[in-house]
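**Student:** Sequence:
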Amino acid sequence: MKDLFGKALLDYQNDNYTEDLVTSTNISDEDELPLPYLFRDYKDMPKLEQKALQLSKGTVLDVGCGSGSHSLYLQNQGLTVKAIDSSEGAIKVSKARGVINAEHIALLDETETFDTILVLMNGTGIFQTLDQVSKYLKHLKSLLNKGGQILIDSSDIKYMYLDEDGGFWQDMNANYYGELDYFLSYKNEKEAPMKWLYLDFKLLNDACTAIGLKCEMLAEGEHYDYLAKLSN
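In the working numbering, each residue carries its 1-based index in the sequence shown increased by 260.
It is worth saying that the hints were derived from the structure and are not from the lab.
Treat the hints with caution; some may be incorrect.
[Stated by the list, open to error] Simulated pairs of lysine-lysine, DSS-like, Cα-Cα distance not exceeding 30 Å:
#: 1; residue 1: 262; residue 2: 406
#: 2; residue 1: 401; residue 2: 311
#: 3; residue 1: 317; residue 2: 462
#: 4; residue 1: 462; residue 2: 395
#: 5; residue 1: 474; residue 2: 307
#: 6; residue 1: 474; residue 2: 489
#: 7; residue 1: 262; residue 2: 489
#: 8; residue 1: 303; residue 2: 395
#: 9; residue 1: 317; residue 2: 303
#: 10; residue 1: 401; residue 2: 450
#: 11; residue 1: 418; residue 2: 489
#: 12; residue 1: 418; residue 2: 395
#: 13; residue 1: 317; residue 2: 450
#: 14; residue 1: 307; residue 2: 317
#: 15; residue 1: 355; residue 2: 267
#: 16; residue 1: 352; residue 2: 398
#: 17; residue 1: 489; residue 2: 311
#: 18; residue 1: 303; residue 2: 355
#: 19; residue 1: 489; residue 2: 401
#: 20; residue 1: 352; residue 2: 307
#: 21; residue 1: 311; residue 2: 455
#: 22; residue 1: 311; residue 2: 355
#: 23; residue 1: 355; residue 2: 401
#: 24; residue 1: 447; residue 2: 311
#: 25; residue 1: 406; residue 2: 267
#: 26; residue 1: 474; residue 2: 398
#: 27; residue 1: 455; residue 2: 474
#: 28; residue 1: 395; residue 2: 262
#: 29; residue 1: 262; residue 2: 450
#: 30; residue 1: 418; residue 2: 450
#: 31; residue 1: 474; residue 2: 355
#: 32; residue 1: 398; residue 2: 462
#: 33; residue 1: 395; residue 2: 352
[Stated by the list, open to error] Label-pair ranges, simulated between beta-carbon atoms:
#: 34; residue 1: 336; residue 2: 452; range: 34 to 40 Å
#: 35; residue 1: 296; residue 2: 472; range: 39 to 45 Å
#: 36; residue 1: 476; residue 2: 348; range: 33 to 39 Å
Even for Gly, the Cβ is constructed at its ideal location relative to N, Cα and C.
Make a model of the complete structure from these sequences and hints.
**Tutor:** Here is the structure:
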């Protein structure tokens, strides 16, 4: 991985902002991801993110922290936060912006325990594929203190497969429709393709039930997105 995401965040942080990230998937065309959006304040966050931050309590793990916007908000609310990201550049930016405890580490390598675990901005994406959901959920469960909670969001992207008559089309030999190939480029460089998972609520609930986690729908957004709370 070239960590183009981290390079882009560092450019913005260091006042070298000249262009945005470009993303696409195997079912969608190229689209710009504006760098300023990744540095947004609480007031500019989607309602589901705001709700997750409002519900955060105790010690918090911010998974895939990016530029650290969620962590900074919670720090300012007096909470103890650990921010982690697999992007080294993202962690450098988070620290530069004032996140006290930020570490370049993959989620599956995290071993501390927390009262709240945030997995936001289509949090289920980090599961990558449907067959890895159970592994990630079991690990997240192991990181929860007694009475703790996992706040995670995602979207049901079935709508992207509907035809003009409302019919659902998909290759029956293909994988789950929420499993996407994700492509990212920045300043004429291309990142290695990644797997990214959009998980509908029913499948998330089923996967949680199978490993002894309670799954509760907290809120639904305007674009088939939702926020869920997982707990023991």
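**Student:** Starting from residue 317, check that the Cα of residue 450 is at most 30 Å away, please.
**Tutor:** Given that 30 Å is the threshold and the Cα spacing comes to 38 Å, the pair is violated.
**Student:** Residue 307 and residue 317 were given as a pair; does the straight-line alpha-carbon distance stay at or below 30 Å?
**Tutor:** The hint holds at about 18 Å.
**Student:** Next pair to validate is residue 303 with residue 355; report whether the Cα-Cα distance is within 30 Å.
**Tutor:** holds, 22 Å
**Student:** Is residue 447 within 30 Å of residue 311, Cα to Cα?
**Tutor:** Violated. Residue 447 to residue 311 sits at ~34 Å, over the 30 Å cutoff.
**Student:** Decide if the proposed pair is consistent with the structure: residue 418 and residue 395, CA atoms, cutoff 30 Å inclusive.
**Tutor:** holds, 24 Å
**Student:** Does the alpha-carbon distance linking residue 418 and residue 450 stay inside the 30 Å limit?
**Tutor:** Holds, at about 28 Å.
**Student:** Taking 39 to 45 Å as the hint, is the beta-carbon distance of residue 296 and residue 472 inside that range?
**Tutor:** holds, 41 Å
**Student:** Would the pair residue 262 and residue 489 pass a check requiring their Cα atoms to be no farther apart than 30 Å?
**Tutor:** Violated, at about 33 Å.
**Student:** Under the criterion that the straight-line Cα-Cα distance not exceed 30 Å, is the pair residue 489, residue 401 satisfied?
**Tutor:** holds, 12 Å
**Student:** Range hint 33 to 39 Å: satisfied by the CB atoms of residue 476 and residue 348?
**Tutor:** Holds, at about 35 Å.
**Student:** Run the distance test for residue 311 versus residue 455: straight-line Cα separation, threshold 30 Å.
**Tutor:** It holds: about 27 Å lies between the C-alpha atoms, which stays within 30 Å.
**Student:** Regarding the pair residue 395 and residue 352, is the alpha-carbon distance no greater than 30 Å?
**Tutor:** The hint holds at about 28 Å.
Checked against the numbered hints above, the structure breaks hints 1, 7, 8, 10, 13, 24, 25 and 31 and satisfies the rest.
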